[in-house]
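Starting from the two chains in their separate frames, assemble the complex, guided by the hints.
Single-letter residue listing:
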Amino acid sequence: MIRPLLARLAQMIFVMAGISVVTFAIFFATPGADPSARIAGRNASPETLAAVRLSFGLNRPLPVQYGLLMKRLFVTQDLTSFMNRGELVVPQIFAATPVTLSLVGGAALLWVGGALLFGVLAALRPGRMLDRGLMVLGLVGISMPVYWLGAVVNLVTQSRLHETWLFSWVPPLGYVAFADDPWGWFKVLLLPSFTLSVFYIGLYSRVLRSALIEAHQEDYIRTARAKGLSERRILLVHALRMSLVSVVTLFGLDFGALVGGGALLTEVVFGLPGIGKLTYDALQTLDLPVIMATVMYASFFVVAANALVDMLYAFIDPRVRDA
Amino acid sequence: MAEAAGDIIAAPRQDGAPGLWGPMLRRLTADRGALLAAVLLLAIALACAAAPLYAVHVAQTDPFHSNINGEITIDGVQRPVIEANTEGLGLGQTPIGPTGRAQYLLGADSQGRDVAARLLYGGRASLLISAVATLLGMLLGGTLGIVAGYFGGVADAVLSRLLDVLWAFPVYLLAISMSIVAVGSGLHLGPLVIESSNPLLPALIIGLVGVPYVARPMRAQVRALRKSEFVLAAIGFGVPTPRILRVDILPNVSGTLLVLAPLLMAINMLTESALSFLSIGVQPPAASWGTIIQDGLALLYTRPLVALAPGVTIMLTVLSLNLLGEALRDALDPRLARRR
Chain Z
1 MIRPLLARLA QMIFVMAGIS VVTFAIFFAT PGADPSARIA GRNASPETLA
51 AVRLSFGLNR PLPVQYGLLM KRLFVTQDLT SFMNRGELVV PQIFAATPVT
101 LSLVGGAALL WVGGALLFGV LAALRPGRML DRGLMVLGLV GISMPVYWLG
151 AVVNLVTQSR LHETWLFSWV PPLGYVAFAD DPWGWFKVLL LPSFTLSVFY
201 IGLYSRVLRS ALIEAHQEDY IRTARAKGLS ERRILLVHAL RMSLVSVVTL
251 FGLDFGALVG GGALLTEVVF GLPGIGKLTY DALQTLDLPV IMATVMYASF
301 FVVAANALVD MLYAFIDPRV RDA
Chain S
1001 MAEAAGDIIA APRQDGAPGL WGPMLRRLTA DRGALLAAVL LLAIALACAA
1051 APLYAVHVAQ TDPFHSNING EITIDGVQRP VIEANTEGLG LGQTPIGPTG
1101 RAQYLLGADS QGRDVAARLL YGGRASLLIS AVATLLGMLL GGTLGIVAGY
1151 FGGVADAVLS RLLDVLWAFP VYLLAISMSI VAVGSGLHLG PLVIESSNPL
1201 LPALIIGLVG VPYVARPMRA QVRALRKSEF VLAAIGFGVP TPRILRVDIL
1251 PNVSGTLLVL APLLMAINML TESALSFLSI GVQPPAASWG TIIQDGLALL
1301 YTRPLVALAP GVTIMLTVLS LNLLGEALRD ALDPRLARRR
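If you're matching them up, the sequences are chains Z and S in order.
For the first sequence, the numbering used here begins at 1 and goes up steadily by one.
For the second sequence, the numbering used here begins at 1001 and goes up steadily by one.
Among the hints, a few may not be true.
If you only want the chain Z side, here are some residues facing chain S, beta carbon under 8 Å, derived [unchecked claim]:
no.	residue
1	F27
2	R38
3	G133
4	L134
5	L137
6	V140
7	S143
8	L155
9	L265
10	Q284
11	T285
Output of the computed footprint for chain S on chain Z, the stretches with three or more beta carbons under 8 Å from beta carbons of chain S [what the hints assert, rightly or not]:
no.	stretch
12	225–236
13	298–304
So these bits of chain S aren't anywhere near chain Z, every CB distance computed over 12 Å [what the hints assert, rightly or not]:
no.	residue
14	A1055
15	V1058
16	N1067
17	I1068
18	P1098
19	W1167
20	F1230
21	G1296
22	A1307
23	L1321
Derived from the structure by calculation, the hints contain no laboratory data.
All C-beta atoms in this analysis are idealised placements derived from N, C-alpha and C, irrespective of residue type, glycine included.
One chain only, chain S, in its complex shape (with noise of 0.2 Å):
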């Protein structure tokens, strides 16, 4: 009966039925600046990728390894890459600035290390930071919200406590107590060891953070379902909790967390350079764009690009990402891309 009943409920759509995914893919395509934001963002990533590839073959440094006594020769000339000043008082000393060619093309930074290089390497930690911070809050935040929105009764009530607490305790507030503990001694899980360096730990707790951001929306949406007539009549005819969820329920949220992704990400990618560039997010000699603005701050007067490259990347980013959230949304729900 039950196995009947499940077919029921889930019966095959008609040939020519347009569903939910088709038009939603037509309609993205449509859209300039959601087409665009998806190229500059794959272009970002991609540059990111190769970040290696780029230190090794083009500009031939490690970028990770100061470069105090350096030299580079430009048309033929051998200069220091960190030159004395010689204006004023001759006091202090200037990293090159930007190039124009292969090696040092967006100038040294304080060490000596190639710009551009740290560029793509702090760009691989953002991204992968962010992305697995982001995987990571829709699993959690969306396992909690439908648990609380489907069973109700006492898990609801728990869950949401708990969210509510984590909802009003101020994001920066949270990640910065929970990194600047994890800074100081690792996190000691059981057998499970995570060291203080590792890119691993800012990730975890920027997905914690982010976890009331899904489960909020997400108990609301599954609390609405779990009311209306299909599911009930799921319910009554026993089909089994499990395939009710997976059949009725996460097929009807999906287009949600579809959304709620890349707006998620562009939060993220936020906190992440916010704590990075308050030195408890990402750790020594390791960079991210966020701890490449906290040493380019040093240098903000006399060679300004150090600070600046690698914050318009985090702003390209984090527009394409919520560009495209925008577009995924009005793809979904097309009543209200008309109203905008």
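Looking at chain Z on its own, in the form it has when it is part of the complex (with noise of 0.2 Å):
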């Protein structure tokens, strides 16, 4: 029980060491132009370069660049902007965690219940109409850029039917804090959230769905059915517990695409000020310590994330768990 988890542990700090040299090299050492030239922004003086290039060690070898960036990213974290005269970088990150953990959050709670809602009622009677029109609409639901049915959803909400019953709740767009104003937190998370989630409504339901069917031909099921339960006990207890093993593995590997990419989006289109804003304001003035700081500490969230659901996984399965 102990080994595996352990072994969990050892991979999840090797994939973190790796991503930080990945990123690292991408930053520093893509062949191109000088790094302290990109470093600074566009239009920097001879004094700020030699500024970066002093603080960065550039005139170093790479492995003492790249140990110098780790401490100032994780021990001592005093990266700087440049674009923004001397702030501290990881400070914001951290003041802009909560906004993306509040709207990741709300999205799983909808993705994992609408999922579960979808692709259950499909599976009960697969081929019918009901499971052909989930189907699809989970089809169109990954097949949309999350930041375009933003933009939808801002122009049906925030303008053309604002005005309507249906709709005049919604917030203008921006972030509150939950600890200001619960509801006025929610409500204004409601919609991106939404917005995030259908995308993995619709994988979600489609795996569930598939899973549901093929565990129906398993023998504990026939064991099940042999033994009177109800159709309905079977699907729900027998084969959704199943079922949902597979789900869990997909949970991890996704929470990181969402993290560090459809929230980066969602963020952006609603004007929340997470992580991912954060990622988009430096990208529009090339402020790449900015940059790289949010793209090490959203990977190695990620990243953590995903060996934790592996661990949770192992109490899931009892073949895994017993191993």
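This is the structure:
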């Protein structure tokens, strides 16, 4: 029981180290231009360039530069932005984290609930109208760019139908902290979380449906039928439990794509000042220290979350638990 | 001896044996959804390929040149392409909306450029970039997966760890990191210089990001094949490795590759549009569907069509690719189709 957990932990640390090396190599060792010019941003003065060279140790060998960057990112946390005249980067990331977590948490709730509902409904009668309709809807859901869907949601709820009773409750774009106004926090996050969850509802209800239908051909389902259990009980208790295992694996992997991708685009469209919006603003000004830091922190978070899910997985699946 | 062994292993099929591709093609053409998807894809690709023809002969405009002071005659009335607002305080400007005729069919964007023509040109960029990226990802990922799976040992250990890292790296963050460096200064690989405005650059980046999607399933499948009896027999007979790879391995994984291609292209298309939307993909004045959506966001409440139209085209294309991939998978493995 302990050994696989330790092995997973070791793998997590290896992957984090790998990601940090890859990120470092992209920003500091891509052939093309002087890294100091990249980091300092457009039209930097010679003094700024010299300061960048000194503070990132750019005249020293690459391994030393790597060590220095890691130290400044994670130990001393004194990495500064050159576009915003010396503003510390890491505290900005910590300030933005609750926004992103609120958004992603809300989306995860919606998507697990939605996927369970649609997946089970579709699997009840495979091949019928409801099943086909839901599956086509799911396919449409995974084929839309999330930021475009966000724009459509904004168009409808902020402009075209904002005056009607249906959407008059929708607050203006932006963020309200939970501590300030819990109800306002909920209202402001509902539509962005929904937008973010659509892709995953589509994906997961399709996966869940296949897993459920597959499970129905297993021996233990036949046994359950032979025991005289009702079809509903078989589907909801026996088949669903086994099918959830495959969904949990996916969940861990997709959480990554969510924090590092979908959430970024959703935050931009809805003006939520999370980590993604921080990255986006830095992209507009080519503020590399901020981008480096957000990429590194977000990836590490994702890898840690994946490892956590894998370890939880060991508790859900008896085959893994007792192995 | 090796020659003879190769002949035995590659024994010609008996006449009348169905083979892999014949029934697959029949099942595929019987699938109405797949046919519709293929026709739609073809239509979109052809329309986008004809973008220059549309711009010159139908819309009679240069969609990459701003036309802020331009005018258009509708029902004998001269109207400016960008009109000053008359409602409210009369501040700001609004580009002309959909005209329903050849010129400015879908209206103009904030710089007075023809949205319909830009949509076609944007589709060219989006389709081209995602197709090249898919090709690149398949080639690179396929090679890595086959090498890791077939040779095992050190090669497998090194490649697998590398793929672990790439797989765990959130796709967009990896793509953003590479793109921002590339957009800033282009790419210089020795004598080879790729300017930051070159559409090959996003294709290259998206292709690299897609490698693990292909390499992982390839490695698993080739690993299993490597242990199968006919491959062990071929090795035992002393058939040279390149021949085993060509005759025994490649035909057996070609089905998987064929299914992966449209699915990977669907993912690549969404990645391309996201990067362009973040302004680190296709660089202006060139357009892709992602950049047009970004341009259109500023006009979202006044001229929503500018942002809506490219989103619809992305959705239709990605939907068709997904449908096609699924149909291919079902056609290659009818057992799976029955289960669905």
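Hints not upheld, ascending by number: Result: hints 3, 4, 5, 11, 12, 19, 21, 22, 23 break, sorted rising.
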